[in-house]
Amino acid sequence: MLIKDVNIKFDNKIIYDKFSIDFEDNRINCIVGASGCGKTTLLNYICDELLSKDIKISYVFQEDRLIPWKNVFDNLSIVIKNKYKKEIINNKIDDILNILDINEAKYLYPNELSGGMKQKVNIARALLYDFDILLLDEPFRSLDVKIKNVVINLIRTINYDKKSTIILVSHDKEEVRALADSIYLLSGSPISIVKKGDKAIIDSVFSSIIR
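Residue numbering for the sequence shown follows our numbering, beginning at 1 and increasing consecutively.
Everything labelled a hint here was simulated from the structure, so no lab data went into it. All of these numbers come straight from a predicted model, not from anything done at the bench. All C-beta atoms in this analysis are idealised placements derived from N, C-alpha and C, irrespective of residue type, glycine included. Fair warning: there could be bad hints in the mix.
[What the hints assert, rightly or not] With a Cα cut of at most 30 Å, we get these calculated DSS-like pairs of lysine-lysine:
(1) Lys148 x Lys81
(2) Lys196 x Lys163
(3) Lys9 x Lys146
(4) Lys92 x Lys106
(5) Lys56 x Lys4
(6) Lys162 x Lys148
(7) Lys162 x Lys86
(8) Lys163 x Lys146
(9) Lys85 x Lys106
(10) Lys53 x Lys146
(11) Lys85 x Lys162
(12) Lys53 x Lys83
(13) Lys92 x Lys9
(14) Lys146 x Lys162
(15) Lys195 x Lys163
(16) Lys162 x Lys173
(17) Lys53 x Lys81
(18) Lys196 x Lys9
(19) Lys9 x Lys81
(20) Lys4 x Lys92
(21) Lys106 x Lys83
(22) Lys9 x Lys162
(23) Lys106 x Lys13
(24) Lys162 x Lys92
(25) Lys4 x Lys146
(26) Lys162 x Lys195
(27) Lys148 x Lys173
(28) Lys9 x Lys56
(29) Lys106 x Lys53
(30) Lys199 x Lys4
[Said to hold, decoys possible] Derived Cβ-Cβ restraints for the label pairs, each shown as a range:
(31) Ile88 x Val194: 32 to 40 Å
(32) Asp198 x Ile88: 14 to 22 Å
(33) Ser189 x Lys162: 33 to 41 Å
(34) Lys163 x Ile88: 18 to 26 Å
(35) Asn91 x Val194: 44 to 52 Å
(36) Thr40 x Thr157: 21 to 29 Å
(37) Ile88 x Asp203: 19 to 27 Å
(38) Asp94 x Ser189: 47 to 55 Å
(39) Lys18 x Tyr107: 48 to 56 Å
(40) Lys163 x Ala200: 40 to 48 Å
Modelling step: build the complete structure from the supplied sequences, incorporating the hints.
Written as structure tokens, this is what we have:
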């Protein structure tokens, strides 16, 4: 999946200048780089670009994007209500809540949830949707280790079953090691891809970010 000729600037600062990146189709692609270098900006651009082509996108943002006046069930059902009958919708929601260990939150509202629970619901909603492309912007930040590993395994299973293209932004070396098929290191001003490879380059990539 080629994203090409990205041009983005904030005020007078050029972030991306005729930037192109070619993601591997049907694989898990990981974008890494120093904090604030423009990874989320790129992910947002990709989302807008693909939506304009009627490609179905699921996006797990860093921040909470739940609808505050809807309970957990309604926040989840909104992405599948036009595809399945009520009984199937209920079963699918029960299944994902059980996997993420938040069954008790089914009829709670966002203001009744902890930060970690909100993020689990955000992840559940993204994974319930019948997406073509899954965008993940540091999705595990609020999760405990046990649930993070559950979600990592779930994402890998979905990728294997659906043959979907997944793009992950992460600062966590072990998350990248567990998930990434391809790694892209972004750096510079304007931003460029300074290193690309598979898991074999993980150590060198993260040591260069730390420096």
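Q. Between Lys106 and Lys53, is the straight-line Cα distance small enough, at 30 Å or below?
A. 34 Å, violated
Q.
With the threshold set at 30 Å, check whether the alpha-carbon distance from Lys106 to Lys83 stays at or below it.
A. Roughly 20 Å between the alpha carbons, so the hint for Lys106 and Lys83 holds.
**Q.** Hint consistency between Lys148 and Lys173 [alpha-carbon to alpha-carbon, up to 30 Å]
**A.** 14 Å, holds
Q: For the pair supplied as a hint, Lys9 and Lys81, confirm whether the alpha-carbon distance does not exceed 30 Å.
A: Status violated; Cα separation ~39 Å.
Q) Regarding the pair Lys9 and Lys56, is the alpha-carbon distance no greater than 30 Å? A) 27 Å, holds
Q: Note whether the CB distance of Lys18 and Tyr107 lies within 48 to 56 Å or breaks it.
A: For Tyr107 against Lys18, whose Cβ atoms are near 50 Å apart, the range 48 to 56 Å holds.
Q. Can the restraint linking Lys53 and Lys146 be considered satisfied, given a maximum Cα separation of 30 Å?
A. 37 Å, violated
Q.
Next pair to validate is Lys162 with Lys92; report whether the Cα-Cα distance is within 30 Å.
A. 17 Å, holds
Q) Does the alpha-carbon distance linking Lys199 and Lys4 stay inside the 30 Å limit? A) 24 Å, holds
Q.
Next pair to validate is Lys92 with Lys9; report whether the Cα-Cα distance is within 30 Å.
A. It is violated: about 42 Å lies between the C-alpha atoms, which goes past 30 Å.
Q) For the pair supplied as a hint, Lys85 and Lys162, is the alpha-carbon distance within the 30 Å limit? A) 22 Å, holds
Q. Within a Cα-Cα threshold of 30 Å, do Lys4 and Lys146 meet the stated pairing?
A. At roughly 38 Å apart (the allowed maximum being 30 Å), Lys146 and Lys4 break the hint.
Figure legend: structure checked against the earlier numbered hints; hints not met, in rising order: 3, 10, 13, 19, 20, 22, 23, 25, 29, 31, 32, 37, 40.
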